[in-house]
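As a plain string of letters, each chain reads:
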Amino acid sequence: MSRLISTLWAPDGLFAGWPPAVLDPAGPYAGSIAVLTWVLFAIALLVLAVVGTALWIALWGKQRTRQRLGGSRLIWIAGIAFPVVVLTLLLVYGLRLTSSLSAGTGPRTDLRIRVTGEMWWWRVAYLDAEGRVVSWDANELHIPVGRTVELELESADVIHSFWVPRLSGKTDMIPGRRNLIKIQADAPGVYAGQCAEYCGGPHALMGFVVIAQPPADFARFMRAASHPAAPPPSPGRQLFETAGCAACHRIAGTPANGMEGPDLTLLGRRRTLGAGILPNNHGTLMGWIGDSQAIKPGNRMPPFSMLSSAELDALATYLEQRK
Amino acid sequence: MQARIAAIALLLVTVGACKSPPVRRHFMPEASASRGKAIIARVGCTACHAIPGIDWPKGRVGPNLENFADGTLIAGKVPNRPDMLAAYVRDAPALVPGSGMPAMPLTQEESRDVAAYLYTLGA
Numbered sequence: 055m056s057r058l059i060s061t062l063w064a065p066d067g068l069f070a071g072w073p074p075a076v077l078d079p080a081g082p083y084a085g086s087i088a089v090l091t092w093v094l095f096a097i098a099l100l101v102l103a104v105v106g107t108a109l110w111i112a113l114w115g116k117q118r119t120r121q122r123l124g125g126s127r128l129i130w131i132a133g134i135a136f137p138v139v140v141l142t143l144l145l146v147y148g149l150r151l152t153s154s155l156s157a158g159t160g161p162r163t164d165l166r167i168r169v170t171g172e173m174w175w176w177r178v179a180y181l182d183a184e185g186r187v188v189s190w191d192a193n194e195l196h197i198p199v200g201r202t203v204e205l206e207l208e209s210a211d212v213i214h215s216f217w218v219p220r221l222s223g224k225t226d227m228i229p230g231r232r233n234l235i236k237i238q239a240d241a242p243g244v245y246a247g248q249c250a251e252y253c254g255g256p257h258a259l260m261g262f263v264v265i266a267q268p269p270a271d272f273a274r275f276m277r278a279a280s281h282p283a284a285p286p287p288s289p290g291r292q293l294f295e296t297a298g299c300a301a302c303h304r305i306a307g308t309p310a311n312g313m314e315g316p317d318l319t320l321l322g323r324r325r326t327l328g329a330g331i332l333p334n335n336h337g338t339l340m341g342w343i344g345d346s347q348a349i350k351p352g353n354r355m356p357p358f359s360m361l362s363s364a365e366l367d368a369l370a371t372y373l374e375q376r377k
Numbered sequence: 051m052q053a054r055i056a057a058i059a060l061l062l063v064t065v066g067a068c069k070s071p072p073v074r075r076h077f078m079p080e081a082s083a084s085r086g087k088a089i090i091a092r093v094g095c096t097a098c099h100a101i102p103g104i105d106w107p108k109g110r111v112g113p114n115l116e117n118f119a120d121g122t123l124i125a126g127k128v129p130n131r132p133d134m135l136a137a138y139v140r141d142a143p144a145l146v147p148g149s150g151m152p153a154m155p156l157t158q159e160e161s162r163d164v165a166a167y168l169y170t171l172g173a
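If you're matching them up, the sequences are chains X and L in order.
Under my numbering, the first residue of the first sequence is numbered 55, with each subsequent residue one higher.
Under my numbering, the first residue of the second sequence is numbered 51, with each subsequent residue one higher.
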């Protein structure tokens, strides 16, 4: 799978960031996890070396050294006291190091995004200070560089897990709960994420991207996203509203207000289709609409095999202009 | 014994000579099939076409391109030639008006690489 993904995504900047590197932090919250990982790894190596040496002595050491290893004193010291002290110190150290990851601690932030796990995509809602939804999006998060963003993680159906390895730890999305985490990117870029809890059928094809932008670009994105222009009449728009698309998909400023599937108001801005799995262009849009089941088997969008290529073309034209 | 070996050798030489050397019907010395494969994966041709060598996805909206190199016509309209194919994968409706395939985001060079990969798909 990873070989497939890297041939698919690596060749150019469009999908830079995939597959996500696990121990290559790009922000403070992923940073503390990487530090903890390396500290635990180093201590584990050290303990392994000590145990290995003791084993070597027990098997092949001189009689006198072996005698020293025997007896209950060593069990009390190395078998009980040492692990209790080391593990307690590590526990305290680890909890202190990662305490900043959970929300409600550390510096306050006024930037909140709610991400809801759905089978098999991500519903994204940008929230204002009062927690009202400013703008809907899907499968893509825009964040400003160098600023902490608080995420409200929820699930609409089964347990999913939100994971952008370079920006934060892994946090489950549990039905009926709201888990809070913080993410931050220190440099502009595209950071790939992936559902990390098996959630049925096409779970492996449930990806997303986080796009970290300079603050001015992010402000421009939020302005455009919170006040989308109503699309003018077009054959594609008419088709969208009559062929059944509008029953599940919403486009702000039009009668299309289905909330079952991803909001398509900003589809033309997205880098990917099908939740982080396909590049977003005219051709892939036509292919996805025509038969998404061939691409992501089991996803909840039916194939639209009754549409002609001219109709697929009109729909793709309409959708790629939604930004 | 020696006569026998000679006979076998003669048989091998003559039978081996029966097969004519492969004819490269599509000669694209400047293009790179391996680059073409990476480009196909990147722009997502397989959202609509099943293309051997790319495991996923295998789209069904457009034709399966298995053995594409052996075909005579592109889209049932134009001759299956390197220049035509490179032009077609880049801007299909310009070459074949009414084609179900849209223009794809490819440069001219990239479209030649893609064509070179499609010409590796033959029996």
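Keep in mind that the hints were calculated from the coordinates and are not lab data.
Yeah, the Cβ is synthetic: ideal placement off N, Cα and C, and Gly gets one too.
A portion of the hints provided could be inaccurate.
Stated by the list, open to error - Part of the chain L face toward chain X, derived, beta carbon under 8 Å:
#	residue
1	75
2	77
3	93
4	102
5	113
6	128
7	129
8	146
9	147
Unchecked claim - Listed next, with one range per pair, are the computed distances between beta-carbon atoms:
#	chain 1	residue 1	chain 2	residue 2	range
10	X	362	L	117	24 to 32 Å
11	X	224	L	77	48 to 56 Å
12	X	356	L	127	25 to 33 Å
What the hints assert, rightly or not - Listing some non-contacts, in silico: residues in chain X with all C-beta distances to chain L over 12 Å:
#	residue
13	224
14	340
15	342
16	350
17	366
**Request:** May I ask you to test the hint 25 to 33 Å on the CB atoms belonging to residue 356(X) and residue 127(L)?
**Result:** 31 Å, holds
**Request:** Would you assess whether residue 342(X), listed as outside the interface, keeps its beta-carbon beyond 12 Å of every beta-carbon in chain L?
**Result:** About 6 Å separates residue 342(X) from the closest Cβ of chain L, which leaves it inside 12 Å; violated.
**Item:** Restraint check, 8 Å cut-off on beta carbons, for residue 146(L) near chain X
**Value:** 12 Å, violated
**Message:** Please verify that the nearest CB of chain L lies beyond 12 Å from residue 224(X)'s CB.
**Reply:** Since the minimum Cβ distance to chain L is about 25 Å, residue 224(X) lies beyond 12 Å and the statement holds.
**Per-residue hint verdict: residue 75(L), partner chain X, C-beta under 8 Å** = 27 Å, violated
**Request:** With 24 to 32 Å as the target window, see if residue 362(X) and residue 117(L) comply at their CB atoms.
**Result:** 27 Å, holds
**Separation of residue 366(X) from chain L, once the least beta-carbon distance is taken, above 12 Å** = The assertion about residue 366(X) is violated, with a minimum of 8 Å to chain L.
**Asked** Given residue 77(L) was flagged as interface, is its beta-carbon under 8 Å from a beta-carbon of chain X?
**Response** Residue 77(L) check fails; min Cβ-Cβ to chain X is 26 Å, beyond 8 Å.
**Message:** Quick check on the hint: residue 113(L) CB to chain X CB, less than 8 Å?
**Reply:** Hint violated; residue 113(L) Cβ to chain X Cβ min 12 Å, cut 8 Å.
**Message:** Hint residue 129(L) vs chain X: min CB-CB distance below 8 Å?
**Reply:** 22 Å, violated
**Asked** Just checking, residue 350(X) versus chain L, shortest CB gap more than 12 Å?
**Response** Incorrect as stated: the minimum Cβ-Cβ distance to chain L is 8 Å, not above 12 Å.
**Prompt:** For residue 340(X), is the shortest beta carbon distance to chain L beyond 12 Å?
**Reply:** 6 Å, violated
Hints 1, 2, 4, 5, 6, 7, 8, 9, 14, 15, 16, 17, counting from the list given before, are not met by this structure.
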